[in-house]
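There are 2 protein chains.
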Amino acid sequence: MGSIRDVLTLPLAAYLWRRIRQLGVQSVMGVPGDMNLELLDYIDQVDGLSWVGNANELNAAYAADGYSRVKGCPGVLVTTMGVGELSALNGVAGAYTENVKLIHIVGTTGMRAQKSRAMIHHCLGPNPDHRVYSAISDSVRTAHCWLDDVNTAPGEIDRVLRECYLHSLPVYIFVPMDFVHVPIPAALIEEPVDLKPKTDYEACISAINAVIEMIEASSVPSIIVDALVHRFGASDVLNQLLDQLEIPTFTTPMGKSIVSENKPYFYGVYNGQVSLPGIAKAIETNSDLVIDVGFIHSDSNTGGHSRNFSSQARSILVAADYVQVGHARYDNVYLVEFLTGLSETLSTYPLTRLPGQRRAFTIPNPPIPTDVTAKHITQSWIWKRIGAMAGPGDIIIGESGTAQFGFSDAMFKPGVQYITQIYFGSIGYSVPACFGAAVAQLESEAWADAQALNDRARRGRTILVVGDGSLQLTVQEIGTMVKKGLRNVIIMVINNNGYTIERAIHGPEQGYNDIATWNHQLLLSAFGAKDGEVNSRVVDTKEAFEEAISSQEYTDLNSIQLLEVIMDKMDVPWRLQAQIDLINERNAKIKKQSQKTCR
Amino acid sequence: MGSIRDVLTLPLAAYLWRRIRQLGVQSVMGVPGDMNLELLDYIDQVDGLSWVGNANELNAAYAADGYSRVKGCPGVLVTTMGVGELSALNGVAGAYTENVKLIHIVGTTGMRAQKSRAMIHHCLGPNPDHRVYSAISDSVRTAHCWLDDVNTAPGEIDRVLRECYLHSLPVYIFVPMDFVHVPIPAALIEEPVDLKPKTDYEACISAINAVIEMIEASSVPSIIVDALVHRFGASDVLNQLLDQLEIPTFTTPMGKSIVSENKPYFYGVYNGQVSLPGIAKAIETNSDLVIDVGFIHSDSNTGGHSRNFSSQARSILVAADYVQVGHARYDNVYLVEFLTGLSETLSTYPLTRLPGQRRAFTIPNPPIPTDVTAKHITQSWIWKRIGAMAGPGDIIIGESGTAQFGFSDAMFKPGVQYITQIYFGSIGYSVPACFGAAVAQLESEAWADAQALNDRARRGRTILVVGDGSLQLTVQEIGTMVKKGLRNVIIMVINNNGYTIERAIHGPEQGYNDIATWNHQLLLSAFGAKDGEVNSRVVDTKEAFEEAISSQEYTDLNSIQLLEVIMDKMDVPWRLQAQIDLINERNAKIKKQSQKTCR
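One line per chain: the protein sequences are A and B, in this order. Under full-length UniProt numbering, the first residue of the first sequence carries the number 1, and numbering increases by one thereafter. Under full-length UniProt numbering, the first residue of the second sequence carries the number 1, and numbering increases by one thereafter.
Just chain A, same shape as in the assembly:
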């Protein structure tokens, strides 16, 4: 005889949303459409879960990405089969490449229409396969499921959510319209989804021992901290471990803000040959052991693949799901588990040699920019200045382009989170990502605490830095910020009259690097902000910039502020120019070589 619980049911959609809420998700991004409307009905029925509603689906995907990066749980977006689903694809691809957890839920046609291959709106051509879109997203997800069988659906949801966490990658859940309400046993929801990887503990212990041994054997070790540490939620344990090791520590451009940058063992950003003087030499020449943690070895994260380490024998790689110590590889050893195990081991058995001896590098002061005395706002000045203005709890979003290259020179205070999309590098990412990040920030306990104490200065701010070119791709998400009444956002628009990063790469005066000339001062008002014009300013000198960011409106932020920053269209960060020079030089060499071979 079954208990009463065995006969209780809940609709499939309710199960889905409650599962998602269990992960910590509080806001669902997306755009409504006739194939997902009934699915959306169930969102607000879940305690603590809300529908957001973005201006378009690409923006929804970017917003979910930004949300996930701040909150640690997956970002969630809902679209409609085909039209919305494909519009979001590029945003999901970015999350895939940068290991951001995303759950993309697609409302589709019902099973009857699918089986008869009916020509329903949003389908492709005559006799359409309604599942053709599902194949399209195969390369940008780690798992997917179709909720088209009442018996398997709950298990499929659970499996896919687990995969999302295991790989920190996007997953897709397809919901046919006619399966939204089907009843499933309510008891299933009570057992939480197992999100932990199946660690090989013996391999993990061996790896920990091998790593400790190698560190002890080295004279001048160094650590490079990269993005996957953040993506797999290992930032806290890593910082704890760094405090134990006190080994000279660097971050990559993508790893920036994971490490507390005020620590004495922190040396700055390592980006191959595109680093400040002394940095590359410290790692590549002076270190006899390099520990590369949570790496993404993409071009702009390695100075255009210009890293030049000595030998594999003297390196340790800590990847998402394995650890490589010299030539030995330990599989099924996962980032968080490994770092936690290493930290715990060191607590019990500290290193026999004092970490202090390993603080061996003398890095020269960065060169003084030639335009340091300029009164107008320069690339050599602004990024450090924005970095300095941010305090604990603040989030900075840097768009692809000059901002991304520039921010490697900024020093971030502990508790500042920096978000940027370097590997995928899709312009337009930052505006919706800022929206998602700001929503997550408002949901944080720290923000609620500061708010409760009416401690305005301690409430975190989300500071977006976007170029006038990139802004145009996704600008309408400012409207969603206004709709949601966000008051924790500062939008800095770098107005340098077009695609400056592309001018630096090719065609400085070509028409294709020009853009439409907008009136940025009217944007907030056009998108519906009250006092939009009052809260919009334009500055073209360092002094005016200082005045703006030190005003009470900015320090005690209480409504969206837009700051248009006028800069020279041909001014670029030194790092961008250095990387371009390096690649051009390399290409010239290759060309010369191939010409020789041809003779």
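Be a bit skeptical, because a hint or two may be false.
Which copy is meant is left open, because identical chains are indistinguishable; a pair holds if it fits in one copy or across any two.
[To be verified] For lysine-lysine, the following BS3-like pairs were computed, each having C-alpha atoms within a straight-line distance of at most 30 angstroms: (1) Lys263 <-> Lys384; (2) Lys589 <-> Lys115; (3) Lys596 <-> Lys281.
Quick caveat, the hints were computed from the structure, so don't treat them as lab data.
Chain B: place on chain A using the hints.
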């Protein structure tokens, strides 16, 4: 001994752009990126070809679609591998579903980086396959090529352009960065690409004879004109044929504006059960022969699949590449060739029975709307009114949503082109499509003539009708209109406070059908238009609407005008409600039946 012409070369990119220019293309849409910049250098070197530069890639695809629909040649867009390419995908999918010619050119990484699977920005994950995106677009194109072999590249370009025309579908051309400048024989450009299908002439003649025989044998034939007639460039020959036949003629919602609607044989829009009184009966009951030309049998083009013809034996289907006469099918018979052949045959051998006898239907007057006397702007009034205001040379773009359902009730004067995306139904399509259409309109001879004569009233206008919800997805393309200095565009924003079509379908008062509240009156100015506020108006009564559209600013249009039209959020066109009712009724029946079966 070769001639001098055999040794002359031109860069591959120059060949590509000259080929595209030969098709009639004058404007190239897209967004620049570091992998396509050098490719773009060659555009302006071709006489009569210009780069446009859109606000984002989805918009560029929609714009290319609108451009193609007006101009007849393919729309062309250029994007960057991955980031831009995927962002455009949904726009290309729409063109695919609606048989619009598109050439999507993607600038990719060079071959060396592809072969080494380097982690270059815009790639997917570790050890990336740079060609993974090419597989993603496989379902939304009819052909593609990679220009990665100097010997095959020109032939591949030609093959793909031919396929674009044969099927009137999108094609992709992938250009690795390092192949942009490779030299190819210049002489190749002189032989034009063969764009004509390989007709089976015997089958074509047999089909023509069979069709004439069947028409002669019928007493009450009727013709349904649909979208593919337009897509395959057969509108002129079809209208000529209709004048010869004088058979009662209908259009589908997607076929609207192909036929001259002032002809005595034109009866209106046939959309299955969702038609004005008498229409369905005329075709389904009173006709003894139905000729369905250029059909796309999607749901909203057939009243939710509610057509109810008698028998196949009494029907003729004229498809893109075959003709079906009763049970006999004639393959490799193509739309234009067939219609031309039929028209020529009828010129020599007219029908033996007078066409006049076939004008047999009495269609009752449309019912008078219950809200006919309303002073405010109603759904039952506005679409007919906008239809009536358009004159020869004008283009009307109707967004998915109420506009799309409403415009079936409008009567268009000859020479008015109506554009809408009914089968794919992707909201946001209309704003960039309007931009593309307006660019094509300015390039037309008719416009140039009127301009030369300073005949402002005869210069065509492009009239966009978009809802406040749909507008938000792609609004930034208004900035591109301003950048290009377009002065032939009227933007009508139907402000009915959210997604009204979705309120009608499900959740009338649900929050997910609400949108951000923008200040539409500021949009033109924010996007950089001079006198933007002067050229923006808001109207909420029929009288004010009349006043606006009859003002000189609208009749002698000389700068972009924005007209915000306030309408009730729950008012919907009768056709939308009728289709919803029909589908709900059908679903209820299915549910009831399946419950019976289960017992």
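Right, here's what the structure says about each hint:
With identical chains, the CA atoms of Lys263 and Lys384 are at most 30 angstroms apart within one copy only, with a shortest distance of 18 angstroms there and 71 angstroms across copies. Taking identical chains as interchangeable, the C-alpha atoms of Lys589 and Lys115 lie at most 30 angstroms apart only when they sit on different chains, with a minimum of 18 angstroms there against 58 angstroms within one chain. In the homo-oligomer, the alpha carbons of Lys596 and Lys281 never lie at most 30 angstroms apart, since the shortest distance is 32 angstroms inside one protomer and 79 angstroms across protomers.
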